[in-house]
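Undergrad: Take a look at the letters that make up each chain.
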Amino acid sequence: MRKIVLDLAVTLDGFIEGPNGEIDWCIMDGDIMDGESGFGAFLNSIDAIFYGRVSYDLWGQFQPDSNAAAAEQQLWQTVHSKKKYVFSHQPKDDGKATYIHGDIAAQVAAIKQQPGKNIWLYGGGKLITTFIAQGLIDVYRLAVHPVLLGEGKPLFSGFKNRVGLSLINSTSHKSGVVLLEYAAVK
Amino acid sequence: MRKLILKVSMSVDGFMAGPNGEMDWFFKSRSEEGAAWLTDTLWQMGLHIMGSRTFYTMASHWPFSKDAVAEPMNAIPKVVFTSKDKLDLQAKGLNAQALKDANASPDAHTWAEAQIANGGLAEEIKKLKQQPGKDILAQGGASFVESLVATGLIDEYRLVIHPVVLGTGLPVFSKLPKPTDLQLVEHIPFKAGTVVHIYRALGN
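Going down the list, the protein sequences come from chains A and B.
Residues 205 to 390 in the working numbering are what the first sequence lists, from first letter to last.
Residues 3 to 206 in the working numbering are what the second sequence lists, from first letter to last.
Incorrect hints may appear among the rest.
If we take Cβ atoms under 8 Å as the criterion, some of the chain A residues that face chain B in the derived model are [unchecked claim]:
(1) I236
(2) Q338
(3) I341
(4) L352
(5) G354
(6) N365
(7) R366
(8) L369
(9) S370
(10) G380
(11) V382
(12) Y386
Lysine-lysine pairs mimicking DSS-like chemistry, simulated, CA-CA at most 30 Å apart [said to hold, decoys possible]:
(13) A:K357 / B:K177
(14) A:K364 / B:K177
(15) A:K364 / B:K136
(16) B:K86 / B:K136
Treat the hints as calculated values from the structure; they're not laboratory data.
Yeah, the Cβ is synthetic: ideal placement off N, Cα and C, and Gly gets one too.
For reference, chain A alone in the conformation it holds in the complex:
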């Protein structure tokens, strides 16, 4: 069955953004695309993306500048080749994504039953919290960055119960980023 995968950059102290939304600490270059656990391999392993409304409006149809490097252009082409779902109470019909509202768990279960590759849970923070609280994430891929911010938007907040994890893999990069891949233990 298809898996829901959360793939995120996070600071060592657990933030996905600075207090004013800063993501300048995030390392995007270097060998991040390479290798079995790289982002390139990850993009090949998914064929669908789940967005919250704000994330979709910001990034769902983002086009890089025409001056952007070939690698970046390629990355966005690959992202946009995936089937997109937007979780929102305000369904729109832009013809480019399927809008989902109402009983999230049931609809996610139905999508997972369909044949296909894994599904990338893109974000934003609210959607991620909802998925964690409802136990809907199967795999956590956390790119732990070598930085402590002290404050910001936390990845893990707003839910009561523990989440048991099982380490699948752990890889370090020259940049100091450590990718921790965990399966959720249900």
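Chain B: place on chain A using the hints.
TA: Relative to the frame of chain A, chain B by itself:
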């Protein structure tokens, strides 16, 4: 100059214990590999600093433990951060005699010889760093660790990340005074699912 090294086991979301000090999650993913790494790490240290509550708890446990980890825990000198003028092992039922007991480690006397630091935390840490010797280790308790993080004087973090999200608990980094860049020095995954990350703090 000596470094101040913080070694803690923590959850993926940065807690060193549950909200009431729960450590069950820690014991669940402990391993021989992890214990061996910890023992090696401890032998690298020249001084062990802690708060008084942790001191008394440790002093009543480590002299009588047969774990491999007990050897360096007993051998390394301690400095206890307290507002008091002296430590009172006797009041905690640990007199000099108990520490000389045949069941006790031959290094048990180091607990009776622990020094006190009762000045301001930052000043005392700076003084200790100036002294000759191997590096300074802090492991806990949770509020002592929070205060140390708040000083900005930690040079190196040795973190054992356990495969669990606690959701709530006693945090390691919540009192960080300013954003801090780190350099990843070492990364060691263990078969039990814990992962060691060692970082040097930059800009100190």
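Undergrad: Hints first: check each against the structure and report whether it holds.
TA: Do the hints match the structure? See the list:
no. : hint            : verdict
1   : I236            : 15 Å, violated
2   : Q338            : 14 Å, violated
3   : I341            : 10 Å, violated
4   : L352            : 4 Å, holds
5   : G354            : 4 Å, holds
6   : N365            : 6 Å, holds
7   : R366            : 6 Å, holds
8   : L369            : 4 Å, holds
9   : S370            : 6 Å, holds
10  : G380            : 4 Å, holds
11  : V382            : 5 Å, holds
12  : Y386            : 6 Å, holds
13  : A:K357 / B:K177 : 16 Å, holds
14  : A:K364 / B:K177 : 22 Å, holds
15  : A:K364 / B:K136 : 42 Å, violated
16  : B:K86 / B:K136  : 27 Å, holds
Figure legend: structure checked against the earlier numbered hints; hints not met, in rising order: 1, 2, 3 and 15.
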